[in-house]
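Undergrad: Construct all of the structure, not just a fragment, from the sequences and the given hints.
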Amino acid sequence: MEQTGDIIDIRKEKIREMRHSGTDLYPNDFSVTHSVGDIQQALINNDTGISAENAAIRTAGRIMAINRFGKSAFIRFKDRTGQMQAYVRQDKVGSDAYALFKLMDIGDFIGLTGTMFQTKTGEWTLLADSLRLLSKAIRPLPEKFHGLKDPEKRYRQRYLDLIMNPEVREIFIRRSRLVQFIRKFLIERDFLEVETPMMQPIAGGAEAKPFKTHHNALDMDLYLRIAPELYLKRLVTGGFERVFEINRNFRNEGISTQHNPEFTMLEFYQAYATFKDLMTLTEEMFQQAAVFVTGSVEVQYQGEPIDFTSPWKQITLYDALESIAGIDPAIFQDRDKLMETALSAGITIGKQEERQVLDAGKILTKLFDALVEPKLIQPTFITGYPVSVSPLSRRNMEKPDLTDRFELFIAGREIANGFSELNDPEDQRERFLRQVQHREAGDEESHMMDEDYIKALEYGMPPTAGEGIGIDRLAMLLTDSPSIRDVILFPHMKATDRK
RNA sequence: GGGCCGUUAACUCAGACGGUAGAGUAUCUGCCUUUUAAGCAGAGAGUCGUUGGUUCGAGUCCAACACGGCCCA
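Using our numbering, the first residue of the first sequence is number 1246, and each one after it goes up by one.
A few of these clues could be false.
As the list claims (entries may be wrong) - With a straight-line Cα cutoff of 25 Å, these simulated DSS-like cross-link-like pairs (lysine-lysine) come out:
hint, residue 1, residue 2
1, Lys-1394, Lys-1739
2, Lys-1316, Lys-1257
3, Lys-1457, Lys-1739
4, Lys-1454, Lys-1739
Unchecked claim - Ranges between beta-carbon positions, derived for each pair:
hint, residue 1, residue 2, range
5, Glu-1262, Gln-1402, 19 to 29 Å
6, Ala-1453, Leu-1288, 52 to 62 Å
7, Tyr-1404, Arg-1493, 19 to 29 Å
8, Arg-1261, Phe-1319, 23 to 33 Å
9, Ile-1351, Glu-1298, 42 to 52 Å
10, Pro-1645, Lys-1398, 52 to 62 Å
Think of the hints as simulated: they come from the structure by calculation, not from any bench. Ideal Cβ placement from N, Cα and C applies to all residues, glycine included.
TA: Okay, structure coming up:
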């Protein structure tokens, strides 16, 4: 299926020839004094040391292009810091080295020594006084001008995508900077970074279908976590009053431009704080993150400007349903009428058998997802979620049917979810029991009972607020990426049969 | 799960009506010591995603399947 035919055969022939002449094709004893970026920076700084005739520059990289002219050649090579041109002349490097150079290809890694000079057009170029093969490529790189476009190949062979498409490389550098920023932001505020189990006996902390696995020695089933929440709150109980974790969650659900089965989540918990404190903290974090990653507090996302300047819009769930979706508040408690509204609006909710068990709160959130969420482009906090869809959130003191909770929406997507934590163990037990009823009635996404977590609450958890932020989605916003696959290095794909 | 689109050389892509596959880049050979997607001359390279069907004949039409993309659920 995948044959590169004669190109690979020709390269293998070259390899035989090089080996025959005693060349080490994969040495590891070439030391580098300057990266390409170092050289370029020194030239910009007018550092005469770099352009001196006796400058002994040793640099290395992958060959990206070669213009050969008989007894000399221009090559373009790159390392992690950038691309540069080198000029290789037979009379400079010697005829043996030049003969070897003739067997080198685009894609090979080379080490160069030499000095800098300017070509006729003024381009600074490394005049090689020696060059060495550092690693031989057997397979040809994609064509330089069009790069690699086939999306399947880009995802399955991300390394090729990264070699050929500099903008892709830039996206992942930005993603890394985003995570770096968030760590610094939280650590400066005295949060402790922790790691909690990825394999859990009960998959708690969110409504989602888990992946199941089995531990042989213990002979027990385990779930890959759908959220770290219940473990992080155990740590708050244990006295780590400010904790955070940035790590993978796993959800056994569909794949789309917004969903990958494993995705990265930031969760953080702060004792003696409320959901309102976290809303303020989130505004600060995003504003500063946008500036740190993109240089501006306003970013372009798919042609729309997104302005992270605080304060952000706040609206309650009920108000949003009324004013944006146009639903009559009189029916907010009437599950049958809500279901009717949903079905007549063409919104399919759950499977047939699940529809009986969904309560008004759940239907309201489904209506919200379909009718309101896509319209929330600028950062918007939605508050006032019903207790029935917020089994881990603290009740609102004035309106005990609602919770002290918010969700954050940007560019028509949910980006964060936060609330004041429910720390009353008896209320928590009741909430779990309600969830278990729903689960037994067919709602596969309902929470499971977690006695061990309730036990922890029974020892006393301080008043706390916590929040989860989808890092992939935030990375999409800050890199103007339309698909989550664009910000995940190795997105999940179906297995192919070959090999 | 449903709909639409795609899959042709290493890469990017063309292939009206069904008549036995083409370009650019890359590769190879020759010339070439300041090129900038270098140039000139020549050459090689394809199980047209897979399997089946229709047909004298299928890259092209039909069906199923696989993989991918977008949209919907």
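Undergrad: Sort out whether Lys-1257 lies within 25 Å of Lys-1316, counting only the CA atoms.
TA: holds (24 Å)
Undergrad: Between Ala-1453 and Leu-1288, does the beta-carbon spacing fit 52 to 62 Å?
TA: holds (53 Å)
Undergrad: Do Tyr-1404 and Arg-1493 keep their Cβ atoms within the hinted range of 19 to 29 Å?
TA: holds (21 Å)
Undergrad: Taking 19 to 29 Å as the stated bounds, is the beta-carbon spacing between Glu-1262 and Gln-1402 within them?
TA: holds (28 Å)
Undergrad: I want to verify a distance hint. Is the separation of the beta carbons of Arg-1261 and Phe-1319 within 23 to 33 Å?
TA: holds (28 Å)
Undergrad: Between Pro-1645 and Lys-1398, does the C-beta distance stay in 52 to 62 Å?
TA: Hint holds: Cβ distance 55 Å, inside 52 to 62 Å.
Undergrad: Just to be careful, I want the Cα atoms of Lys-1394 and Lys-1739 compared with a cutoff of 25 Å; is the pair within it?
TA: holds (19 Å)
Undergrad: Does the alpha-carbon distance linking Lys-1457 and Lys-1739 stay inside the 25 Å limit?
TA: holds (19 Å)
Undergrad: Evaluate the given range 42 to 52 Å for the C-beta pair formed by Ile-1351 and Glu-1298.
TA: Violated, at about 30 Å.
Undergrad: What's the verdict on Lys-1454 and Lys-1739, does the C-alpha distance respect the 25 Å limit or exceed it?
TA: holds (19 Å)
In this structure, the one hint that does not hold is number 9.
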